[in-house]
Amino acid sequence: MEALNVKDLQVAYDRKAVLDQVELSIPKGSLTAIVGPNGAGKSTLIKAILGMLKRSSGQISILGKPYSPKNRNVGYVPQRGSVDWDFPTNALDVILMGRYGHIGWFKRPSKQDIALAKEALHKLGMADYADRQIRQLSGGQQQRVFLARALVQDAEVYFMDEPFVGVDAKTEKAIIDLLRELKQKGKTVIVVHHDLQTVPEYFDHTLLLNRTVIANGPTEQVFTEDLLQKTYGGALAFFSTNGDKRVMS
Amino acid sequence: MIQDMWNALLHQPNTQWVVLSTMLLGIASGVLGSFALLKKQSLIGDAVAHAALPGICIAYLLIGEKQLLVLLLGATATGLLATYLIQLITTTTRIKKDAAICLILSVFFGTGIVLLSKITQQAGGNKSGLDHFIFGQAAAMTRNDVYTMAGAAGGLILIAFLLFKEWKLLIFDPDFAKNSGLPVGLLETLFSTLLVITVVIGIQAVGVILMAALLIIPTISARYWTDRLGWMVVIAGSIGACSGIVGALISTISTGLATGPLIVVTAAGCFIVSFTIGPKRGLIQKLMAHRVRLKEESI
Chain V
1 MEALNVKDLQ
11 VAYDRKAVLD
21 QVELSIPKGS
31 LTAIVGPNGA
41 GKSTLIKAIL
51 GMLKRSSGQI
61 SILGKPYSPK
71 NRNVGYVPQR
81 GSVDWDFPTN
91 ALDVILMGRY
101 GHIGWFKRPS
111 KQDIALAKEA
121 LHKLGMADYA
131 DRQIRQLSGG
141 QQQRVFLARA
151 LVQDAEVYFM
161 DEPFVGVDAK
171 TEKAIIDLLR
181 ELKQKGKTVI
191 VVHHDLQTVP
201 EYFDHTLLLN
211 RTVIANGPTE
221 QVFTEDLLQK
231 TYGGALAFFS
241 TNGDKRVMS
Chain A
1 MIQDMWNALL
11 HQPNTQWVVL
21 STMLLGIASG
31 VLGSFALLKK
41 QSLIGDAVAH
51 AALPGICIAY
61 LLIGEKQLLV
71 LLLGATATGL
81 LATYLIQLIT
91 TTTRIKKDAA
101 ICLILSVFFG
111 TGIVLLSKIT
121 QQAGGNKSGL
131 DHFIFGQAAA
141 MTRNDVYTMA
151 GAAGGLILIA
161 FLLFKEWKLL
171 IFDPDFAKNS
181 GLPVGLLETL
191 FSTLLVITVV
201 IGIQAVGVIL
211 MAALLIIPTI
221 SARYWTDRLG
231 WMVVIAGSIG
241 ACSGIVGALI
251 STISTGLATG
261 PLIVVTAAGC
271 FIVSFTIGPK
281 RGLIQKLMAH
291 RVRLKEESI
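Going down the list, the protein sequences come from chains V and A.
Residues in the first sequence are numbered from 1 upward in steps of one, following full-length UniProt numbering.
Residues in the second sequence are numbered from 1 upward in steps of one, following full-length UniProt numbering.
Source of the hints: derived by calculation from the structure; they are not laboratory data.
Take the hints with a grain of salt, since some may be wrong.
Listed below are several chain V residues computed to face chain A (Cβ distance under 7 Å; list not exhaustive) [to be verified]:
no., residue
1, Pro66
2, Tyr67
3, Pro69
4, Val83
5, Met97
Derived coverage of chain V by chain A (criterion: at least 3 residues anywhere in the stretch with Cβ under 8 Å from a Cβ of chain A; other residues may be distant) [stated by the list, open to error]:
no., stretch
6, 45 to 53
7, 70 to 78
8, 85 to 92
Heads up, the beta-carbon is just placed ideally off N, CA and C, and yes, glycines get one too.
Bound conformation, chain V alone (with noise of 0.2 Å):
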């Protein structure tokens, strides 16, 4: 079963196209990171499927059935700069947005809800932080409380867009936790990811992506020299200790 399938996905800025020849499928229960260089379009590939930018063609399937967000079954990390964190909120409140797509029109978080949102914040090590003012968070703190807001959508796939970018090493450690449970349960999670040094040891499918699909399948076939090479157009350094290939970007 596929978690993913994309088809014939363009994507144009200006009539520039970002993203063309766009195909791929990504197996049910995976963890996929999704690896490119700088303007590669890997936002802009999570954005196109899940409607937020405007596609010049391409067929999003999600589990088998085409894309809506009413289905409910995507959840969504945006990268932790795209909203003002200056926004009078706190901690929990945020959280329980992750709930509005399934507590419908006018009506207000219940009890329930609001006991999702603080098992979510419980999980991810914020159990004392569900009052405080979101700008008072450190960055770490804020890309978790992201993450319990997707993780309170209660979804079958989850994006996430560079969830690793700037945190803490407790952060890290509580994402990658929460990527491995969420695999446990058979959820598909989709992660944008800057750091190859990673990838091997936290991801068991990986998506090479330069304005198209470079590669695409487990990640110990297509984690190649000769692949990455490919995708960042011959940009890479590689060094080699105690026989174990690293890279360097």
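Got chain V sorted already, so can you dock chain A onto it with the hints?
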């Protein structure tokens, strides 16, 4: 003077109605203004207010008499046209948003003033009372005007209450709102339309020049008291209501004083108080926090 204000409030039904309607207007502006501020659309409100003037004049020229509802429809039409043009200019040309707002605001207001001069030159035109729309004259409002304004303001407050959760998400994180299945485009359009209506119903009492102040000042004052959107909306609404009540009362009992400036001056007083003693990053709170930090550092 306070005695006069009480007397007017207690014994003159006309005053009571005017005060009630400016109070509702103050609440509606505080509430919608809070969302507009966070959406970074306060300046759009100013452009809409100025752009309402030509609409009022054109409506008056078409029907030849002062019927508030028709004039407000004219104001809404040009107000919406102005927001649309600002959007069109920013998305299709190299002109940046601030310049586009400035351009539309001045061109529409200039056109409005030309039309207004034309109207006041006409026979009987100077009795039209249209010049009250510049600085606002709550006392000049008829009973029907007051009903129209109070009804519209009440409706706006109700809609904002019902859509509170949806607008909050839309403004904080539009992409996530879309992912949650909210009709983002529809909610955006609805918000812009309601913002235009808020401005339009306020111009008779506050005037086109100062209407934006009633959207902005109560809102930024409220931000000094709370870190929660719900409370911010309530506090902004209350400050707006107080400003409306005080401004309308003073202007009603001392004839000749325009209402708009009085409302704005009252709101500005609330702002200075909030800015100084507000517990959330107000001046005194900041100084205290700074002293505590200095003390800690010296230990």
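### Query
Holds or violated: the stretch 45 to 53 of chain V covered by chain A, criterion of 3 or more residues with Cβ-Cβ distance under 8 Å?
holds (count 4)
### Task
Verify the interface restraint on V/Met97: the C-beta must sit less than 7 Å from at least one C-beta of chain A.
holds (5 Å)
### Task
For the hint on V/Val83, just tell me whether its beta-carbon gets within less than 7 Å of chain A.
Check passed: Cβ of V/Val83 comes within 5 Å of chain A, closer than 7 Å.
### Message
The hint names V/Pro69 as touching chain A; please verify it with the least Cβ-Cβ distance against 7 Å.
### Response
At 4 Å from the nearest chain A Cβ, V/Pro69 passes the 7 Å test, so the hint holds.
#### Entry: Status of the hint placing V/Pro66 at chain A (closest C-beta pair under 7 Å)
violated (14 Å)
### Task
Examine the stretch 85 to 92 of chain V: at least three residues should have C-beta closer than 8 Å to a C-beta of chain A.
holds (count 4)
### Query
At a Cβ distance under 8 Å, does chain A reach at least three residues of the stretch 70 to 78 of chain V?
Coverage by chain A holds here, the residue count being 6 at a Cβ distance below 8 Å.
#### Entry: Restraint outcome when V/Tyr67 is required to lie within 7 Å of chain A by C-beta distance
Violated, because the Cβ-Cβ distance from V/Tyr67 to chain A comes to roughly 10 Å (cut-off 7 Å).
The structure shown violates the earlier hints numbered 1 and 2.
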